[in-house]
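A.B. asks: Since the structure of chain A is provided, determine the placement of chain B on it from the hints.
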Amino acid sequence: MTLATDKSTDVPPRLWWNRPAFLPSPSTLRQAIHTIGLGLPALLVLALLWEVAPRLGWINAIFFPPLSQVLAALGDMIASGLLARHIGISLERAAVGFLLAVVVAIPLGLLMGRYSLFEKLSDFLVQTLRNTSQFALLPVFILVLGIGEASKIAITFYAAVFFLLINTIVGVKSVDPLHIKAARSMGTSDWDLFRKVILPSAVPSIVAGARLGVKSSLFSVIAAEMLAAQSGIGYLIQNASLMLETDRMYAGILTLTVIGFLLNYALVAFEAQATRWRASEDKGLA
Amino acid sequence: MNRIAISDVRKTFQLKPGQSVVIDGHASDRIPVLSGVDLDIRKGEFITLVGPSGSGKSVLLDIIAGLTEPSSGFAAIDGHKVTRPHQETAYVFQQYALFPWRTALQNVEYPLEVRGVGRAARRVKAQHFLSLFGLTGFEDRYPSQLSGGMQQRVAIARALSTDPEVLLMDEPFAALDAQTRDILQSELLRIWEQIKTTVVFVTHSIDEAIFLADRIVVMTARPARVKESIDVDLPRPRDIEIRNSAAFNAYRARVWDALREEVRKAQQDWALASAYNA
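Protein chains in written order, with full-length UniProt numbering: chain A, 1 to 286; chain B, 1 to 278.
Next up, chain A with everything else stripped away, as it sits in the complex (with noise of 0.2 Å):
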């Protein structure tokens, strides 16, 4: 048999080596280089500033404390181990809150986008309890548990578990019908087109709000220890504040920022994982 098989569309999408998600392409790798590259002048000048501008008595030293010295200042507190322990209390509270909520919400969502009886039950007061702020009900929660570790656990939860029901309610939704079809076809069980067809559709949307969660509860769990604590990274900025040890209140914050950027790069790289069976960006590259 002889096809003109050479016109044929038919190719598919060449692939680079078998890159793992968490790893960057090159091209994203060129584009971060050229990001950094542009942005970090205005970073430097912030800096400079900052370090600059007390030393010249513009600014008072009290309140803003030369760069070098706030970076003095986290080396102490890098050195004596205090800040792991705090910053360890802190995440550690943040991730019991948002393990709880993801307990809670992928099972309840689940059975919220695929039973609409179900949904319309709990649908409104979802919605109030939703629009009600985790930070108006901080005081509810001290009051009815304690300033113990409850109530910080509590609050990460209640900061966590909309993001991750909404967004597994709408995965649980958005199942291609098609997809339900062909496994129904295939013989496929009730329990069985739960586990290996609806979820694994939903999984996208839920890794997306997980990723809102867990940055939600850990600002979170920041404010309640502000408020009410005697550990975690939020009490050591309120209470280096209070003492007027302004140093250690910006080496605290600087730290949180820091914090911020790493968990935001996992939780993009574990997206990234999670959903590699997604038409990938290698696709377009000839």
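None of these hints come from the bench; they were simulated from the model. Don't take every hint at face value.
Stated by the list, open to error - Pairwise CB distance ranges (calculated):
{"#": "1", "chain 1": "A", "residue 1": "R278", "chain 2": "B", "residue 2": "D163", "range": "49 to 59 Å"}
{"#": "2", "chain 1": "B", "residue 1": "A246", "chain 2": "A", "residue 2": "P26", "range": "56 to 66 Å"}
{"#": "3", "chain 1": "A", "residue 1": "S116", "chain 2": "B", "residue 2": "R42", "range": "56 to 66 Å"}
{"#": "4", "chain 1": "A", "residue 1": "M243", "chain 2": "B", "residue 2": "S144", "range": "49 to 59 Å"}
{"#": "5", "chain 1": "A", "residue 1": "F194", "chain 2": "B", "residue 2": "N2", "range": "31 to 41 Å"}
{"#": "6", "chain 1": "B", "residue 1": "S53", "chain 2": "A", "residue 2": "N264", "range": "49 to 59 Å"}
{"#": "7", "chain 1": "A", "residue 1": "F194", "chain 2": "B", "residue 2": "E69", "range": "53 to 63 Å"}
{"#": "8", "chain 1": "B", "residue 1": "I23", "chain 2": "A", "residue 2": "W191", "range": "41 to 51 Å"}
{"#": "9", "chain 1": "B", "residue 1": "I23", "chain 2": "A", "residue 2": "A136", "range": "57 to 67 Å"}
{"#": "10", "chain 1": "B", "residue 1": "K81", "chain 2": "A", "residue 2": "P177", "range": "23 to 33 Å"}
{"#": "11", "chain 1": "A", "residue 1": "L145", "chain 2": "B", "residue 2": "Q87", "range": "14 to 24 Å"}
{"#": "12", "chain 1": "A", "residue 1": "W191", "chain 2": "B", "residue 2": "I242", "range": "44 to 54 Å"}
{"#": "13", "chain 1": "A", "residue 1": "W191", "chain 2": "B", "residue 2": "A27", "range": "41 to 51 Å"}
{"#": "14", "chain 1": "B", "residue 1": "A27", "chain 2": "A", "residue 2": "A269", "range": "56 to 66 Å"}
Backbone N, C-alpha and C define an ideal beta-carbon position, used for all residues, glycine too.
C.D. replies: Same frame as chain A, now just chain B:
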């Protein structure tokens, strides 16, 4: 012996409140799609189903697959009425319907997995069917990393992995370019010659219908019945060159003759419907 028996199958769809269509000058909120389809399909027979658009060919496949219930009448496989998806039936869709989060290999393993076949056994089986379609080396690719033709090969491999008695195919090659379509038709025939499963294949292409079939079933415009059954007496195995033969040309004329009137009616039907809605 008959593998599939379709007996006086009727299907009427109820429209949603507020929607209506005009049928023979009367407004109605019910659309009859199938009106008494009778068809017996022998074991190992390759049937192609042609008919105008919207004539309910896919609905008929859904009924044989056990995905839709007929309003009256029944479809039976090996003498048993179909009421839900049958273990011995496999279905291939126009839009492949692969699970995008599974690799090619995992997709082919899927029906074996839900049937409880062990990990090692289903892997061997899936690799075998992928290799039949020349997809060795592509096992670990996700569907988004495959071409359209490769995706449909994976989908057919998935359908065949359970050694089905009945293979239902709903315009499986319609979304592919002409060359890939030709290649896949030949590949399908090559594999079918080995396994001789019973195939019901819906298509809009007359050439495809003739090239593949033992028998072409021409459906009428909606509401559909079987208009004509045309036995295709061309030698097998068939080469693509057969399409240039005089015999093939004669079939082409015959199928088109049977279809022409129905396509005209279907178009009138749609023209009427759109005039009413306007």
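A.B. asks: Now, for every hint given, state plainly whether the structure supports it.
C.D. replies: We went through each hint and held it up to the structure:
no. : hint                         : verdict
1   : A/R278 to B/D163: 49 to 59 Å : 32 Å, violated
2   : B/A246 to A/P26: 56 to 66 Å  : 58 Å, holds
3   : A/S116 to B/R42: 56 to 66 Å  : 44 Å, violated
4   : A/M243 to B/S144: 49 to 59 Å : 56 Å, holds
5   : A/F194 to B/N2: 31 to 41 Å   : 37 Å, holds
6   : B/S53 to A/N264: 49 to 59 Å  : 50 Å, holds
7   : A/F194 to B/E69: 53 to 63 Å  : 23 Å, violated
8   : B/I23 to A/W191: 41 to 51 Å  : 42 Å, holds
9   : B/I23 to A/A136: 57 to 67 Å  : 60 Å, holds
10  : B/K81 to A/P177: 23 to 33 Å  : 26 Å, holds
11  : A/L145 to B/Q87: 14 to 24 Å  : 54 Å, violated
12  : A/W191 to B/I242: 44 to 54 Å : 48 Å, holds
13  : A/W191 to B/A27: 41 to 51 Å  : 44 Å, holds
14  : B/A27 to A/A269: 56 to 66 Å  : 58 Å, holds
Violation of the numbered hints given earlier is confined to hints 1, 3, 7 and 11; the remaining hints are satisfied by the structure.
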